[in-house]
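Asks: For the record, the sequence lines run as chains A and B. Heads up, the first sequence is in the working numbering, so the first residue is 120 and it goes up one at a time. Heads up, the second sequence is in the working numbering, so the first residue is 1431 and it goes up one at a time.
To be clear, the hints were calculated from the coordinates, so they are not data collected in a lab. It is possible that part of the hints are untrue.
Output of the computed footprint for chain A on chain B, the stretches with three or more beta carbons under 8 Å from beta carbons of chain A [as the list claims (entries may be wrong)]:
#	region
1	1596-1607
2	1614-1627
3	1870-1877
4	1973-1984
Just so you know, these numbers come straight off a predicted model, no measurement behind them. Note that CB positions come from ideal geometry on N, CA and C, so glycine has one too.
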Amino acid sequence: MAAMVAALRRPVAHFRSRTRAWTRGTRCAADAAGAGQQSFDLLVIGGGSGGLACAKEAGQQSFDLLVIGGGSGGLACAKEAAQLGRKVAVADYVEPSPQGTRWGLGGTCVNVGCIPKKLMHQAALLGDMIKDADHYGWEVAQPIQHNWKKMAEAVQNHVKSLNWGHRVQLQDRKVKYFNIKASFVNEHTVCGVDKGGKATLLSADHIVIATGGRPRYPTQIKGALEYGITSDDIFWLKESPGKTLVVGASYVALECAGFLTGIGLDTTVMMRSIPLRGFDQQMSSLVTDHMESHGTRFLKGCVPSLIKKLPTGQLQVTWKDQASGKEDTGTFDTVLWAIGRVPETRNLNLEKAGVNVNPENQKIVVDAQEATSVPHIFAIGDVAEGRPELTPTAIKAGKLLAQRLFGKSSTLMDYSNVPTTVFTPLEYGCVGLSEEEAVALHGQEHVEVYHAYYKPLEFTVTGRDASQCYIKMVCLREAPQLVLGLHFLGPNAGEVTQGFALGIKCGASYAQVMQTVGIHPTCSEEVVKLHISKRSGLEPTVTGC
Amino acid sequence: MSSPPGRRARLSSPGTSRQTPDAREEVRRRLKDLIEGNRVKELFSSLGVDYNILELDQVDDGANVQEVLTEISNQKTVPNIFVNKVHVGGCDRTFQAHKNGLLQKLLQEDSAHDYDLIVIGGGSGGLSCAKEAANLGKKVMVLDFVVPSPQGSSWGLGGTCVNVGCIPKKLMHQAALLGQALQDSRKFGWEYNQQVRHNWEAMTEAIQNHISSLNWSYRLTLREKGVAYVNSYGEFVELHKIKATNKKGQESFYTASKFVIATGERPRYLGIQGDKEYCITSDDLFSLRYCPGRTLVVGASYVGLECAGFLAGLGLDVTVMVRSVLLRGFDQEMAEKVGSYLEQHGVKFQRKFTPVSVQQVEKGSPGKLKVVAKSTEGPETVEEIYNTVLLAIGRESCTRKIGLEKIGVKINEKTGKIPVNDVEQTNVPHVYAIGDVLEGKPELTPVAIQAGKLLARRLFGASLEKCDYINVPTTVFTPLEYGCCGLSEEKAIEVYKKENLEVYHTLFWPLEWTVAGRDNNTCYAKIICNKFDNERVVGFHLLGPNAGEITQGFAAAMKCGLTKQLLNDTIGIHPTCGEVFTTLEITKSSGLDITQKGC
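Chain B with its partners taken away, still in its complex shape (with noise of 0.2 Å):
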């Protein structure tokens, strides 16, 4: 064995001990086997690969092997080839990776650089494709680093999602169910004391605490795993070569023949007087040290309805002041619908105003701001004085400052957002992006998760697989879940026209509510079909408990080309919110009524 180790194929070829019964066609898969063994033989031989050869029905224990590579690799048959490490497949899938050129990359062997990849960023989606590319046998090393919120805040590994994000967002939100639940609970036979106060402190700590354990509980993964983690931050200083900058500003400096940028993003500031000084983010929020009282918060993307909504859940005085729409990119109908939820629930709206200075009238925890906001339509301003002000503005990618412009990799100067091919692949060759770094593509931790996975699979596996962007389902965490799936019903005319498409919908009045006294009308469901693709559901919109649950399931439906007629034929689960789906009868364009008669 001359060649390194990582040069070296190993190749498993017929063989078996055990009888079957029918002999004969034993004998014609042992002959294909051997035929097909010997053809992958003389590809690596002219390929001047060194491999390994087990020939199962020359050794001793040749069932038991058989039967472990059956487990470990999923195939029955032999030839079963592993080429450095990786499971490629029988004769047909070797002769495949070898025309596709898959066999050529994962016969490359690079050992002039410290790292197989560097990942900047531990997030969702940077530490998913580091782990992947370990589980596959690479040297990876992860470089994270939070650069405080300009009012302090800092934290652990794991990233926006686990950290300021949807972890600690949901479990507040879940935390505001709960008002809702203590209050259905009398009507559903609960008796006990009137006087019901939520305690800020001890929930944060709860949710806190919780998120520390799934920051050690991350670290843990890299170490088992064998991903070096590094807690300093990332800049690229050659085309190979990272500047590695730590908390002490000591600098370290690593190479890789491959990196991925994962930095994700932070919120925006909105860059009048005292917005840095006074204003917080949902960088801070969830690990504020006392209760937020009275809180203006700034823009209505889906942060900003969620805090809004857990906030006014947890009893608190909460405005919403919006430049233009409600939840962009989302169907209108619906964010209006949210919207309309939310001022139900007790929060209110300030529309068309946007802030143009924050001063701090009383110090304190929390203190006194006084917000003047001014109109967008006309020269009114108004003042108001609150005790936080909670911008929600949009969020920027964290692409300026890591040395991309050294090594040549190009970002939408306007955004920061990086341009990627379908394979995730910057302008740079070996310099890759994943995350809400991507330009154009949805900010959600499953889909970072899902393309850093596959990313990996391709960069160091037996994989050609890419990652689907199409059809990601998602769902808003306002006090009413709203989840959707595919187009909205703006986006479904824009593409098909108006006239091509048919939009069922109903507004539905969910069992638990009833008992509990609450609104007949609020709850909505609507799905838009392609008329001229029989039917096919391209938009699935829900407004209701549970939306987050339910939609998951049609989502994984919507996959396998879900039309109307399919919805038709599917039997409800009684008494669910999902059901109603299965029964929708009243198309938008007939104009019939959707309200529910209450009885």
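Bound conformation, chain A alone (with noise of 0.2 Å):
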């Protein structure tokens, strides 16, 4: 118990650190002060009563709905289940990353994944702005440098105040929440040990798996675990990764690699084979194609075999590039794995349960309503086989679950025309179809695609180099023409994408597009004034306004 209350108190007293700094924060942090005393009493409860082993069965706690893992998805299944009466808990653990990097209360988006990404990115965004700015008139001394150990800690502070955040919110709608490791005892029953080794048995009418996913460490390759690090880590690293090769092309790694060039880092991308899987390739090779004039290195068609600690310290990477079977080493402070993700269902023993996977990626089978196979247990968010890895989509597909459960709905979770953004130097937003798949799916000959090589009016002034904004929008060539897809690379295309997005959800058409007028000056106009097609030939880069 002492341990626990120890825990528990950090948070709380980072929160305070950090509230009082903001001008406004006066209000808020006495309420969460007070929000956290109520929340340890109840903790307090809770572990008391689930201090038995679980095979004695003793001081079971049943509930309406026991949702395991508090990540984006779980967490709004929970509080949507409580809104609607019901009794729901909360179980959420953080194994420790190989590297021994734990954190808080919210799963990968808040604390290692979307939320401190896009904090660096911004980070990264802002030592270019600071370029800009000579252009504009602003004088700013020489030197210029970036200092990690600061950034970090303003980003871990920010995630630290979002842990607590979803304390309070659970407490505020009075759902459990165990920091306990869950697995299956039976098709009702869960044992949750926590980290003194005390277990608790949960039981529920119904069980929602949303445990997501953890990087994957290619284990084959001598050293990688031992001198790797992930995603899990990066965020929370106290000192600058220094020299950094990332190993791997997906959005992960891309974005890493991007925020660390961008903060002034030597960096190194070593790709297997192609850039950004399952996205649009000319999209693709266009985002590594402003990655490599922006300052980052590419390594194509490596792989690595071998990582060795030198005596300085620093790591040696053996690789070998599979064009020309040739062996190459470099040295490197940080090596940064992101080849993939696995799901978190070993340690679950759904077998006890039930519960199906996918032998081949281990992920959950579900249907339409998010059911597994067994009828009263489901599986949302990355943990679940086939459904796009996204925090947005998690949480809206936890809502409408609790609702499907608790409430009248019977409204499905509609994972089609799911936008999405890669955080890249040059962001990358999409949404729909890419132009491969719009092509197999209709025919080269009923597919027209629009598009736009187009220079961002604030390029103009600092002479960055605009050869990688572009815009493709992927109709259907039969009037009215059906907008299919939208790829926008450029500054902001995440913004730029939302309300686009909406228009594709409506079914928009590309003359209803063309019939938009455009918001002068701005990036995301150049999609209302798309008028070239591939098809013509025409030379696509636009002149003027």
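Take the two lone chains and join them into the complex the hints point to.
Replies: Structure below.
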């Protein structure tokens, strides 16, 4: 119990120290401190009753809904169910990464995903803006340096305030939170073990699995596990990673490499085959082209084979060029694996409950209702097979699931036309089909692609290279030319794409998009001005306004 | 071929040299093409039109021709009809064009005048119309002449937007945003000398260089398209004749069958002592050779607030003098929020005052000006010294000195604006008007561009499409941007009645602002829905970073009939500001708290 008290106090203290810095944070800090007191009481009770071994089945608590995994999807589902008057519990436990990194409530997005990633991306963008500022008349004296520690601390403090916010929200909605590692005992019962090894038995009518995924390690490579880090660690590093090798070409890899380059670190991406698998490939190569021009090095068609620690403390990486078969080595301060993610299903004892997984990727097989092979057990988010691995989809799926279970709703989650954005130095936003998918689905003959290379107004004064600022809209060729997909590469792509995602959801046609009047001068107005089709072979470069 | 080359139609009729697997279907198609081709030929014969026929099945490279034809016209089937260089379409389209008069219009050829079209005013609208008309094969002239401002500012081709509007404004806004970014950057770990200064001259030079390159590229484009550009002041002297006076006072005369007035507007002056002598306007600010220093902005139009915003962002002491409301015509709740952010940003507001005199107390660059202002509510007057006084109290149409009275084009005598019908036609049938001179239309570059392009297509192409002035999105580039589309809350209440509307709203905290330590209850999103039309979104309002970029896509969605349900069904892009619209839950009528707790 003492250990739990200590564990709980830490985030409170962090939160207070942050809010003091805010101009209008006083009331907020007071609220949270009060709420913190309450949560603490609740949790002590929870901890106490779980003080017996699972086998004895004593102190078992039962709920209408138990959610395993306190990430975006799990929390959304739990809160919605509680809102509908149900008795709900969330079991969340962060297994430390091989490098020992751990974090609080909120899952990947908040702790080791979208949030810290976007903030570090912003840090990198600000670096570019400092350079731009000079062209706009700002006189900034050299040298300009970046302090990793300062950035990381600021980002981590924000993440900790979010962890705390999630706990407060659970309390406010009377959702019981257990910081325990859960595994199935039978199809209605879960055993949870806390940090101290104490076990708690929880049973529920409905169980939702929302345990997400964790980065994959290439365990076959010697030294990989020992010396490499992943996205689970990078955002929590206390010191700058220094010269970094990023292995992989997933969006995680490119985003990390992008912001590391942006804050001035020597960064190399080693990719085995294509960048951003699953995304439109023309856009993907433009993304990596831009990164190369922005200073990121690329080792294409290479696979690492060995990592050794040198006496200097640096890491020596050996790799093979697949085309030539030649071996090569390089020295780095940090090696970051970003070669994919594995679902967190192995430690859940799913077989005890009879929940089926796909043996190939260990993901949980679900139907349109998010139900697993066991009708009262559900899976949402990254752990479920065939779902986009995105926070907002998990949140929406969780909410809708709770509404179907406990509300009067029968609305299913619609996983089509989900927009997303890759936050590389030049952002890439997309929604709907890639050009490849559209062609595969409808045939080259029936697809019309409108495209344009454009120059953001803000780039003109700074002389920034806009070679990769590119938009394409994939449409059906026959009138009224239904829009199948939109791909936007440029500043603020995330912001630009969101509204158009709605348009596509509404069944927008090319004609309707063209009838929309532009907002001048913006980058997004280039979307409503697209008029050159790829088929025409005409020059797609936008000139003037 | 005895008739003039213009009176000629080309007809491509059935033919193919390629075997398709489904031979029967192919025969059916060929038969249909043949029958339709003959119908068109009959039509043209009955109209006495001289036409060329290219029978694709009777030429050697018919398949190739058809392929290229498909590329050019995006039409695979034949007959494929062109009239006077304009692609009309297939059989049905041609008969339709005949029925609605379009065909007759296309066949008309008027060679009595020097030009098919003369456009007066080389701004966004005028240039777009001229270029499109030239694309359609017409002989076009553009007359553009910038009368220097009272302070002597003058500029090149391109009109307000490029020279003294959107472009330099957005770039100075960007300069101010970068100032904010510099402050933020320290919180994100960037370290450099605390002493950061802004150099007005360096910024202005960079911006003016960009503008010059745009001026140049416009001239180049006109030349490439074969549009005659004359740097002269145009005035009507007869129904079809215009007098063009150049800088040296030399006069030339040109005639045209059609005219487009696109002369735009210029800033208004107060009409008080010292205003034209000492005050500047947006016509002068962007090319000002010296830093304006302590500035009084008179007027709270979007021009006034944008200028005040970036001047304050560059570190200047700025006061805005407002006679009545901020951003008249915009949603007033949003306008007040824009104002309060400006205040937070360091801009001072002097409300319910209006200047009565401006006197110079010291010469210089900048000098010192004494402004005396009077309360709009009582006898109170105040006196204050500024380096610069910027007037942003509205704009006046350039319609009173272009000879409109000579040819009988009606203007609204009070506002100087030109009333037009739904095809931008004035009361004189061959004279049209587009852009800011129009009565009751939005004064926005993209609107003028769209209107100009569509007008040219209607006049000279095979189009009947009219410019749609509904749901035009726009953005005010104040330090915190305000983007909107559709109706303001006031206007929506007027149109639909309050009880029929549901307003969803929320404050939000951009992720980038958290670490930067900026306020968590400043950015605001609001949509106005019509309860009795499926909660259709009739108004969209956003106050936040990148509002311009965000609003555009939502405007496209509104064109497709955006509803609240669709917003709910759409997945957000995380973490962005735009995603806030996919999770709006609180209605204004509920009175629930929308403040962010900040954790």
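Asks: Does each hint fit the structure? Answer for all of them.
Replies: Consistency of the hints with the structure:
Coverage of a stretch by a chain is defined here by at least three residues with a beta carbon nearer than 8 Å to that chain's beta carbons; for the region 1596-1607 of chain B and chain A the count is 6, and the condition holds. Here's how the region 1614-1627 of chain B fares: 12 of its residues keep a CB closer than 8 Å to some CB of chain A, so the rule of at least three is met and the hint holds. Here the region 1870-1877 of chain B counts 4 residues with a CB under 8 Å from a CB of chain A, which clears the bar of 3, and the coverage holds. Only residues whose C-beta sits within less than 8 Å of a C-beta in chain A count toward coverage, and the region 1973-1984 of chain B has 8 of them, enough to reach three; the restraint holds.
Hint violations for this structure: none, all hints satisfied.
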